[in-house]
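Participant: In case you want the letters, here they are:
There are 2 protein chains.
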Amino acid sequence: MSHSEPGGVRQARKQRTRQALLDAALGLLEEQSLSSLGLREVTRVVGVAPTAFYRHFRDLGELGVALVQESLSSLHTTVRAVLAEQAGAEERIDHTVAVVERYVREQPAHVRFIARERHGGVRAVRQAIAGELDRFAAEVAAALKSQPVSGGWSDEDVRMLAELYVDRLVMTASAFLDVRDGGDQDTERWRAVACTARRQLRLIDVGRQYWRDAGS
Amino acid sequence: MSHSEPGGVRQARKQRTRQALLDAALGLLEEQSLSSLGLREVTRVVGVAPTAFYRHFRDLGELGVALVQESLSSLHTTVRAVLAEQAGAEERIDHTVAVVERYVREQPAHVRFIARERHGGVRAVRQAIAGELDRFAAEVAAALKSQPVSGGWSDEDVRMLAELYVDRLVMTASAFLDVRDGGDQDTERWRAVACTARRQLRLIDVGRQYWRDAGS
Chain A
3 MSHSEPGGVR
13 QARKQRTRQA
23 LLDAALGLLE
33 EQSLSSLGLR
43 EVTRVVGVAP
53 TAFYRHFRDL
63 GELGVALVQE
73 SLSSLHTTVR
83 AVLAEQAGAE
93 ERIDHTVAVV
103 ERYVREQPAH
113 VRFIARERHG
123 GVRAVRQAIA
133 GELDRFAAEV
143 AAALKSQPVS
153 GGWSDEDVRM
163 LAELYVDRLV
173 MTASAFLDVR
183 DGGDQDTERW
193 RAVACTARRQ
203 LRLIDVGRQY
213 WRDAGS
Chain B
3 MSHSEPGGVR
13 QARKQRTRQA
23 LLDAALGLLE
33 EQSLSSLGLR
43 EVTRVVGVAP
53 TAFYRHFRDL
63 GELGVALVQE
73 SLSSLHTTVR
83 AVLAEQAGAE
93 ERIDHTVAVV
103 ERYVREQPAH
113 VRFIARERHG
123 GVRAVRQAIA
133 GELDRFAAEV
143 AAALKSQPVS
153 GGWSDEDVRM
163 LAELYVDRLV
173 MTASAFLDVR
183 DGGDQDTERW
193 RAVACTARRQ
203 LRLIDVGRQY
213 WRDAGS
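Protein chains in written order, with our numbering: chain A, 3 to 218; chain B, 3 to 218.
Chain A with its partners taken away, still in its complex shape (with noise of 0.2 Å):
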């Protein structure tokens, strides 16, 4: 690193490598887990020394919470402003798979890292994962709250219902990757998990709406 290069050009230097040794990383995951991965593979992509790695992450799992953040933020960001819509349920069911659908074509690697390391051999990206996912539900639960037909609901009822409806998109997500995997993107079986997809939250939401008249 040169002295006399300015401090902004530096760090604007520096966050590309790191950015570097993120889709490296990534791209690596795409065949194996976290757990197996190699600090030097990484390295060797992106063309630097294995040292130059411990510039940006401490290990592997400080890279691993780092692609959790970069997989998740983007699909938080677009379900918020789907849940903030003043739409019909069956438009917003619509557009809810619609945005997993989009997530899954526009960043297939993602979701498989996700989708792979939630259960995966690593402590850090596990509990990582698992804490984003719980404050995604914990949003979804505020939305949910703040609509009419929530009146009467306990708080633990309707963080239920947000757990459930998160794993919906989780689980419609990874469906979806199952199809894609497959080599079908746009066939048949892709169009039938988006079909299934939308029905299932359908009937999330009629027992949503008819919860309380059932005395639950």
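In short, the hints are calculated from the structure, not lab data. Hints are supplied without guarantee of correctness; some may be wrong.
Unchecked claim - Below, computed lysine to aspartate or glutamate pairings styled on DMTMM-like, alpha-carbon distance capped at 25 Å:
1. A:K147 - A:E158
2. A:K147 - B:D207
3. A:K147 - A:D215
4. B:K147 - A:D207
5. B:K147 - B:D207
With the hints as your guide, set chain B onto chain A.
Facilitator: Here is chain B on its own, set in the frame of chain A:
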């Protein structure tokens, strides 16, 4: 292998070694993924030569597929029994969650294996898990279809509901496993997971009862 050994004894011994290999792999997989497991690690634990492995499995993928069968067969059988019960919805939900709880307490390593390898790095194992869960959903669908409340439902909707239930069982097992891994097997958190799981199944059941009324 001695030629003076009777066939039955030889068969029994072969079966024991095969089971020892499965058990050793399952133990090693508590801390890593199948894609990073070494064949020699497994044979070392069992105390046989690496070449002996091939008398039982073609490769670690084939061993993984055998572990899938072993992991899901008992749960499969028990859930099938619950589905056949002539009980009310509430009671069936309680039994279902109790079955999942017992499964996680008694076979945590099997549950972890399925959760981890469902999206893991070994395609043959991913496909075996998907195939088993698919057969599971088909059985649940057949059981649901025979219940009066399914009158007038399309086969697609019964299947959609069955997949929702199977996903719920898998997610509930994962949630119990997370609590258990945190060392909280008999605490408030464990009971909270059971309670949430029952409420979620109840909400899905309400959705099911009112599905046609809601014009779906």
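Participant: Could you work out which of the previously given hints the structure breaks and list their numbers from low to high?
Facilitator: none
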